[in-house]
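With chain A's structure known, arrange chain B on it following the hints.
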Amino acid sequence: DSGVTQTPKHLITATGQRVTLRCSPRSGDLSVYWYQQSLDQGLQFLIQYYNGEERAKGNILERFSAQQFPDLHSELNLSSLELGDSALYFCASSVWVSDTQYFGPGTRLTVL
Amino acid sequence: DQQVKQNSPSLSVQEGRISILNCDYTNSMFDYFLWYKKYPAEGPTFLISISSIKDKNEDGRFTVFLNKSAKHLSLHIVPSQPGDSAVYFCAASETAPRNKLVFGAGTILRVKS
Numbered sequence: 001d002s003g004v005t006q007t008p009k010h011l012i013t014a015t016g017q018r019v020t021l022r023c024s025p026r027s028g029d030l031s032v033y034w035y036q037q038s039l040d041q042g043l044q045f046l047i048q049y050y051n052g053e054e055r056a057k058g059n060i061l062e063r064f065s066a067q068q069f070p071d072l073h074s075e076l077n078l079s080s081l082e083l084g085d086s087a088l089y090f091c092a093s094s095v096w097v098s099d100t101q102y103f104g105p106g107t108r109l110t111v112l
Numbered sequence: 001d002q003q004v005k006q007n008s009p010s011l012s013v014q015e016g017r018i019s020i021l022n023c024d025y026t027n028s029m030f031d032y033f034l035w036y037k038k039y040p041a042e043g044p045t046f047l048i049s050i051s052s053i054k055d056k057n058e059d060g061r062f063t064v065f066l067n068k069s070a071k072h073l074s075l076h077i078v079p080s081q082p083g084d085s086a087v088y089f090c091a092a093s094e095t096a097p098r099n100k101l102v103f104g105a106g107t108i109l110r111v112k113s
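Sequence lines, in order, name chains A and B.
The first sequence begins at 1 in this note's numbering and counts up by one.
The second sequence begins at 1 in this note's numbering and counts up by one.
Among the clues, some could well be false.
Claimed, not checked - Pair by pair, the computed Cβ-Cβ distance ranges are: (1) S28/B - L39/A: 25 to 31 Å; (2) I60/A - E42/B: 23 to 29 Å; (3) K54/B - G84/A: 35 to 41 Å; (4) D55/B - Q67/A: 37 to 43 Å; (5) I60/A - I18/B: 37 to 43 Å; (6) V97/A - G60/B: 24 to 30 Å; (7) T110/A - H72/B: 34 to 40 Å; (8) T20/A - K112/B: 30 to 36 Å; (9) I18/B - T20/A: 27 to 33 Å; (10) I60/A - S28/B: 23 to 29 Å.
To be verified - Derived lysine to any residue pairs resembling SDA-like cross-links, with alpha carbons at most 25 Å apart: (11) K100/B - R26/A; (12) K9/A - T63/B; (13) K100/B - I12/A; (14) K38/B - S113/B; (15) K100/B - G16/A; (16) K38/B - T100/A; (17) K9/A - E42/B; (18) K57/A - K5/B; (19) K38/B - L88/A; (20) K38/B - L39/A; (21) K38/B - S79/A; (22) K38/B - S24/A; (23) K71/B - R63/A; (24) K38/B - W96/A; (25) K9/A - K112/B; (26) K100/B - D71/A; (27) K38/B - D71/A; (28) K68/B - G42/A; (29) K38/B - Q6/A; (30) K112/B - S28/B; (31) K57/A - N27/B; (32) K38/B - R63/A; (33) K100/B - R63/A; (34) K56/B - S28/B; (35) K57/A - K112/B; (36) K5/B - P105/A.
Because the hints were derived from the structure by calculation, they are not lab data.
For each residue, glycine too, the CB sits at the ideal point set by N, CA and C.
Just chain B, with the same shape it has in the complex:
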């Protein structure tokens, strides 16, 4: 039973445009959400997080939006750069302790120059 779903296996975007990566979850107990980026042969790298008390969190070119009623979150990257090409994982955890992260299967982002 996949509690965190990333329904798009891949996404291709032109350099300079917006990349939007989506994630849906089914567990109502999740209250903390994270995005990780992964390059080949490396471990996942933390990008940005959001708690359920907020609906938006911004960090430079990266913004995460959370729609609790729809159990949906998205990661916006603006503007997209070729170096952003990687696999992006959405992850979620329940109320503290926030130690068991539940990951989606990932979305491969390709940014074309």
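Pulled out of the complex, with its shape left as it was, chain A reads as follows:
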């Protein structure tokens, strides 16, 4: 158990809908990262927040957004969902900006 929690574990929704994925980092970690893993692919970096502020951005679609709240938990919002958005979404956390990242168990999103 890495200490990073993600909810929900599974999410099934329809195209065009909007969903919110939640992540609670390990106690004491200030950085939160979001990754997407599509079928047979490696994890793709989406975005990083550090102490409430956006720190780095990857190939995150404009339909996706994230934020980190004062209690350091983070939410990833996915809107206008398409079939291709079906994937595993992982959250990771680290103490500072570029320490070892510890991953949560992931949220499996299925878009029908």
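Same frame as chain A, now just chain B:
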């Protein structure tokens, strides 16, 4: 464009023998490399890392070797145990801040008892 490549989708090894997982990269700016292990229904777990100033790093049964000129790294597991059966991801990042990890597609390791 895959900057980190794990060309072997799977590997099968007998218990007690050595497992060697390989990873190639194309981005010359990468200077920090990590290996993660992933079991089904769990998130990736950090195993071992190496910085580009070294060519070898060891942690118990796990050793990572880095060949910068060949842009190649490998993870050696000796001896392999059935509990090592998992998906292994190679990841890399550029010079600090080392926050954007670029992952390979993973290699499934099966250790047979």
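Consistency of the hints with the structure:
1. S28/B - L39/A: 25 to 31 Å: Given a distance of about 30 Å, which is inside 25 to 31 Å, the answer is holds.
2. I60/A - E42/B: 23 to 29 Å: Given about 24 Å between the Cβ atoms, the range holds.
3. K54/B - G84/A: 35 to 41 Å: Cβ of K54/B to Cβ of G84/A: about 39 Å, so the range 35 to 41 Å holds.
4. D55/B - Q67/A: 37 to 43 Å: With a Cβ separation near 41 Å, D55/B and Q67/A satisfy 37 to 43 Å, so the hint holds.
5. I60/A - I18/B: 37 to 43 Å: Distance hint for I60/A, I18/B holds at roughly 39 Å.
6. V97/A - G60/B: 24 to 30 Å: 28 Å, holds
7. T110/A - H72/B: 34 to 40 Å: 37 Å, holds
8. T20/A - K112/B: 30 to 36 Å: 43 Å, violated
9. I18/B - T20/A: 27 to 33 Å: 45 Å, violated
10. I60/A - S28/B: 23 to 29 Å: 25 Å, holds
11. K100/B - R26/A: Status holds; Cα separation ~19 Å.
12. K9/A - T63/B: 33 Å, violated
13. K100/B - I12/A: 28 Å, violated
14. K38/B - S113/B: Cα-Cα ~20 Å, so holds.
15. K100/B - G16/A: 29 Å, violated
16. K38/B - T100/A: Roughly 16 Å separates the two Cα atoms, so the pair holds.
17. K9/A - E42/B: Satisfied, since the Cα-Cα distance of roughly 10 Å is no more than 25 Å.
18. K57/A - K5/B: 22 Å, holds
19. K38/B - L88/A: 13 Å, holds
20. K38/B - L39/A: Within the cut-off at roughly 15 Å; holds.
21. K38/B - S79/A: 28 Å, violated
22. K38/B - S24/A: The given pair, whose Cα atoms are some 20 Å apart, holds under the 25 Å limit.
23. K71/B - R63/A: Not satisfied, since the Cα-Cα distance of roughly 35 Å exceeds 25 Å.
24. K38/B - W96/A: 23 Å, holds
25. K9/A - K112/B: With a Cα-Cα distance of about 30 Å, the restraint between K9/A and K112/B is violated, given a limit of 25 Å.
26. K100/B - D71/A: Roughly 23 Å separates the two Cα atoms, so the pair holds.
27. K38/B - D71/A: 28 Å, violated
28. K68/B - G42/A: Given pair K68/B, G42/A holds - Cα atoms ~22 Å apart, limit 25 Å.
29. K38/B - Q6/A: The given pair, whose Cα atoms are some 16 Å apart, holds under the 25 Å limit.
30. K112/B - S28/B: 37 Å, violated
31. K57/A - N27/B: 18 Å, holds
32. K38/B - R63/A: This hinted pair is violated, its Cα atoms lying about 29 Å apart.
33. K100/B - R63/A: 20 Å, holds
34. K56/B - S28/B: Holds - the C-alpha atoms of S28/B and K56/B are around 18 Å apart, at most 25 Å.
35. K57/A - K112/B: 41 Å, violated
36. K5/B - P105/A: Satisfied, since the Cα-Cα distance of roughly 24 Å is no more than 25 Å.
The structure fails to meet hints 8, 9, 12, 13, 15, 21, 23, 25, 27, 30, 32, 35 from the earlier list, while all remaining hints are met.
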